[in-house]
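There are 2 protein chains.
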Amino acid sequence: MTVLAKTSAELSSESARSLYDQLATRVKDLGYLQGVGGLLSWDQEVMMPPKAADIRAEQLRVVAGLCHEAATSPILGSLLEEIQKRDLSKEFNPYERANIRLMNKSYREETVLPKELVQEGAALNSKAVNAWAEARKESNYAKFAPFLEQHIKILRQKVGYKIQGGVCEEARKINEKARASLGLKEGDECYKGYYQALLNDYESGFKDEQLQGLFADLKQNLVPLIAKIKAKNFQHDDSFIQGNFDVKKQAEFSHRIAKEIGFDTDAGRLDVSTHPFTGGPDPLDVRMTTRYTVDYLQEGITGTIHETGHSLYEQGRNQEYAGLPVSQALSLGVHESQSLLWERMVGLSKPFWTYALALLKEQFQDPSHENLQSVTPEQFYNAFNQVKPGFIRIEADEVTYPLHVILRYEIEKALIEGDITVAEIPSIWNAKMKEYLGLDVTEDRLGCLQDTHWAVGLIGYFPTYTLGSIYAVQIFKAAKEAIPGLDEHLVKGEFHVLKKWLNENIHKQGSLRESGDDLIKDLTGRSLDSNLYVEYLTNKYTAIYDL
Amino acid sequence: MTVLAKTSAELSSESARSLYDQLATRVKDLGYLQGVGGLLSWDQEVMMPPKAADIRAEQLRVVAGLCHEAATSPILGSLLEEIQKRDLSKEFNPYERANIRLMNKSYREETVLPKELVQEGAALNSKAVNAWAEARKESNYAKFAPFLEQHIKILRQKVGYKIQGGVCEEARKINEKARASLGLKEGDECYKGYYQALLNDYESGFKDEQLQGLFADLKQNLVPLIAKIKAKNFQHDDSFIQGNFDVKKQAEFSHRIAKEIGFDTDAGRLDVSTHPFTGGPDPLDVRMTTRYTVDYLQEGITGTIHETGHSLYEQGRNQEYAGLPVSQALSLGVHESQSLLWERMVGLSKPFWTYALALLKEQFQDPSHENLQSVTPEQFYNAFNQVKPGFIRIEADEVTYPLHVILRYEIEKALIEGDITVAEIPSIWNAKMKEYLGLDVTEDRLGCLQDTHWAVGLIGYFPTYTLGSIYAVQIFKAAKEAIPGLDEHLVKGEFHVLKKWLNENIHKQGSLRESGDDLIKDLTGRSLDSNLYVEYLTNKYTAIYDL
Chain A
1 MTVLAKTSAE LSSESARSLY DQLATRVKDL GYLQGVGGLL SWDQEVMMPP
51 KAADIRAEQL RVVAGLCHEA ATSPILGSLL EEIQKRDLSK EFNPYERANI
101 RLMNKSYREE TVLPKELVQE GAALNSKAVN AWAEARKESN YAKFAPFLEQ
151 HIKILRQKVG YKIQGGVCEE ARKINEKARA SLGLKEGDEC YKGYYQALLN
201 DYESGFKDEQ LQGLFADLKQ NLVPLIAKIK AKNFQHDDSF IQGNFDVKKQ
251 AEFSHRIAKE IGFDTDAGRL DVSTHPFTGG PDPLDVRMTT RYTVDYLQEG
301 ITGTIHETGH SLYEQGRNQE YAGLPVSQAL SLGVHESQSL LWERMVGLSK
351 PFWTYALALL KEQFQDPSHE NLQSVTPEQF YNAFNQVKPG FIRIEADEVT
401 YPLHVILRYE IEKALIEGDI TVAEIPSIWN AKMKEYLGLD VTEDRLGCLQ
451 DTHWAVGLIG YFPTYTLGSI YAVQIFKAAK EAIPGLDEHL VKGEFHVLKK
501 WLNENIHKQG SLRESGDDLI KDLTGRSLDS NLYVEYLTNK YTAIYDL
Chain B
1 MTVLAKTSAE LSSESARSLY DQLATRVKDL GYLQGVGGLL SWDQEVMMPP
51 KAADIRAEQL RVVAGLCHEA ATSPILGSLL EEIQKRDLSK EFNPYERANI
101 RLMNKSYREE TVLPKELVQE GAALNSKAVN AWAEARKESN YAKFAPFLEQ
151 HIKILRQKVG YKIQGGVCEE ARKINEKARA SLGLKEGDEC YKGYYQALLN
201 DYESGFKDEQ LQGLFADLKQ NLVPLIAKIK AKNFQHDDSF IQGNFDVKKQ
251 AEFSHRIAKE IGFDTDAGRL DVSTHPFTGG PDPLDVRMTT RYTVDYLQEG
301 ITGTIHETGH SLYEQGRNQE YAGLPVSQAL SLGVHESQSL LWERMVGLSK
351 PFWTYALALL KEQFQDPSHE NLQSVTPEQF YNAFNQVKPG FIRIEADEVT
401 YPLHVILRYE IEKALIEGDI TVAEIPSIWN AKMKEYLGLD VTEDRLGCLQ
451 DTHWAVGLIG YFPTYTLGSI YAVQIFKAAK EAIPGLDEHL VKGEFHVLKK
501 WLNENIHKQG SLRESGDDLI KDLTGRSLDS NLYVEYLTNK YTAIYDL
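Read top to bottom, the protein sequences are chains A and B. Under our numbering, the residue at position 368 of the first sequence is numbered 368, and the numbers go up by one with no gaps. Under our numbering, the residue at position 386 of the second sequence is numbered 386, and the numbers go up by one with no gaps.
Calculated from the structure, these hints are not laboratory results. The structure presented is a predicted model; accordingly, all values stated were derived computationally and were not measured. Among the hints, a few may not be true.
Since the list gives no way to pick out one identical chain from another, each pair is judged satisfied if it fits inside one copy or across any two copies.
[Said to hold, decoys possible] Dumping the calculated BS3-like pairs for lysine-lysine here, alpha-carbon to alpha-carbon at most 25 Å:
1. Lys-51 <-> Lys-259
2. Lys-477 <-> Lys-153
3. Lys-192 <-> Lys-388
4. Lys-51 <-> Lys-500
5. Lys-143 <-> Lys-207
6. Lys-137 <-> Lys-232
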């Protein structure tokens, strides 16, 4: 039955618990509907027949519209307003208080933007993606540039509304300070701090200032490390991972590993899609996909382990607060930390291959892979951990990857804050590529046109990939300190020990804290620290490349 | 953007076309949302991991609630009220007029029932299904009876509201006449005509009186035909369809046939599920499922062809009116006619097996099926067309099947109209089973507890199975008259000729007409005719059993 709107007088006579319960019911129903959207998207990538594409877009549109209606319902607003008048610390436990905080945050963020502006952005997305795809194909940046201009314009408007609406306090402060120091009057254009606002759409509560510091450190340390590796001009034998590997057998191996790591197939599915992802409608229904290429063994294995890491985060969410925001992942960076921790700290490690190589050999016993049979875990580890600076971010190894991200961060920040123009991007991109990785970009297809993010208005998203890497190293270090003999467990394939620790210390913590940095501080006693990441890479690759 | 409610004065100044367009937009959006429900249900049966069951129920609940809200929106009511004041035959073509008629019908049917009553029915369903499952397992009718009582009570209330609300004119007339002839006063209980109302939930516009006539004819003719076949005590050799048939090979064969018949895999999928069905979110996204049993070859083949028939109806819907009710299937009986036409008139025919047997032999060349290789189409046809009276409806052949349905029809009609009690069902069931099929039911598990329909309040549904059989025979007869050399086409595997004819004459007609009988009359020049069905069965089985 439709709950009729109550007057604020009526609400004020209700108990705090009753207000909370009403909020929870509404937010859970919204969550179910968002889950339905998740299933539609998964199905679209994995199952849907091609002729259904237009219909699916309509279905997604209708569901998104209903989600927006539910998320901005005035009743929700009244309940939130009333509950915040109560003594929250007396009435509610920390998880419940986090729910109230997060419900309020979502409500304000959803209501602060004019619907027309949101629709304008959504309409631009599909046009911009088409233009970008064509531009990339022809390596013709000019075809994409006008759409990026429009995105920047819309994004600036959105941030403007958010700052005005009081949902971006950090960005507001930066902007105010800049205005003051530049002596600007009201009405004068100034986009300082706007990147901070966009960053927080993906990495809640994280400060751009901290990010700057982390990225500057990384750049300072990784550029020389990469140069050193390059100068060594050495390559370990990797002939045994070359050749054709039957994709069915690859999938069997990867599925086995995913399940041994702890993916619960009673609460999720593993399928194949063109672009691997982890999605689906609920923590009890996690849909993870991967892809296998016949002549690229490493992609299928590391890709599956990566998505398994994401899936464990989802499947490990706090069921006590199921359907409520405190059980949700804290940020994209923390989510990525879970995939990267399993992919890199485990899946690219010596202990892991000491365990898994025998299984891989068992799986590929045919004569064409005879050379695999005599390989040692050490040799396999060396072959699986190669550093090769390249143009393409998604093909990058863990040493060069951060520089791909830093390059994008520097450009997109300067762009949104008005320090560079859209037209300047290709030349700036290429200069940075030369500086950071020593590469000459010959075509924009291999340069600033390679990623789809900017075409769908994702600015502020890229840093989360590298935040994820740093989180992963720091979290894994904490895990090693907390779990006696973790390496020995991994050597025996006893992954549950690590999974359990992550379940308790990361997954179940959900969005209890306000930022990834708060989570890391509580867990390790120190802020997110790029030195640990540099140390990890330096030690690892000094050994591999005998630097 | 939310369309704000308009006043009736505002609406009265709008053109008929504008009103129609607003209706169409709303109804299409509702259709997308219903399609989402279709995908959720398909996924639940085919893909969903087990732990997601409770969450899926919540997702379906939320989507159903939103569908109900959209379907009963007052704006829809105002638009419908206003448009019906216009000169429809001047302003709109017959398809558009059918849309207006059907939108109005749905709106009235959705709004006439109190929401509490609908929820009471839905809540009863899950409890009743559990009770039924337990009762069936233990063959203990008493455990299920109280739930059936409650269903009857709720269904009678629903029909009462519908008659009062003017959406069941035929039922109202029957009831009024009965009341008059019995000399009842207002307030006196009388449920005559109530079956008519329930029947029309599944077989729109069909008269119970006509159904009675058809079923009486069938009973009169089929009971002696079955007795004659039974007395013959003869069985054709079917050893070559016994044994174990690899399910993967069965699936390959069935998929090939489905695609040759015309299932468009670019606009649908074929998967496996425990209970075969055709569903999915849209005519451009038809999800059909089937099942294969290693030692029951016939089930997988006929089952796949059956679902292909349903799928062709869906995929063949009129795309010019996509998303609008005129493009929808006319009734469950007509839908079933399309599955049965392909399953029985084609898939169980000599011409079909003259074509398909060679493919089947190719598929099963292993030594264990050596005896299949020398079989002739005639022998195969005889083996595939056996008549065996049995207890279970879903395992019944085409000769005995109608009696299973007639038995249920007679019982459920007498029950809802108050002529028998719930407690009397088992004894009446068993007596009829003896009379119609000569069988002694020893356990209710094999008798009145075998079907799930009554447990979910489906009364009035069973007749559509047999209406489908009769429609199928009559439609196929028309096709044969219209398509020169149809049998020869089938012998060559040229199924597209028949598919095209059905596309034009049935599928694209959608819900343009008000009943299946109207469709049949326009197509064949005569009402639905059980004599044709009896004639078909008599001729076919007289030949097979040499009667």
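Each hint, compared with the structure:
| no. | hint | result |
| --- | --- | --- |
| 1 | Lys-51 <-> Lys-259 | between (34 Å within a copy, 16 Å between copies) |
| 2 | Lys-477 <-> Lys-153 | neither (42 Å within a copy, 66 Å between copies) |
| 3 | Lys-192 <-> Lys-388 | neither (36 Å within a copy, 83 Å between copies) |
| 4 | Lys-51 <-> Lys-500 | between (43 Å within a copy, 20 Å between copies) |
| 5 | Lys-143 <-> Lys-207 | neither (34 Å within a copy, 64 Å between copies) |
| 6 | Lys-137 <-> Lys-232 | neither (35 Å within a copy, 74 Å between copies) |
In summary, the structure is inconsistent with hints 2, 3, 5 and 6 from the numbered list given earlier, while agreeing with the others.
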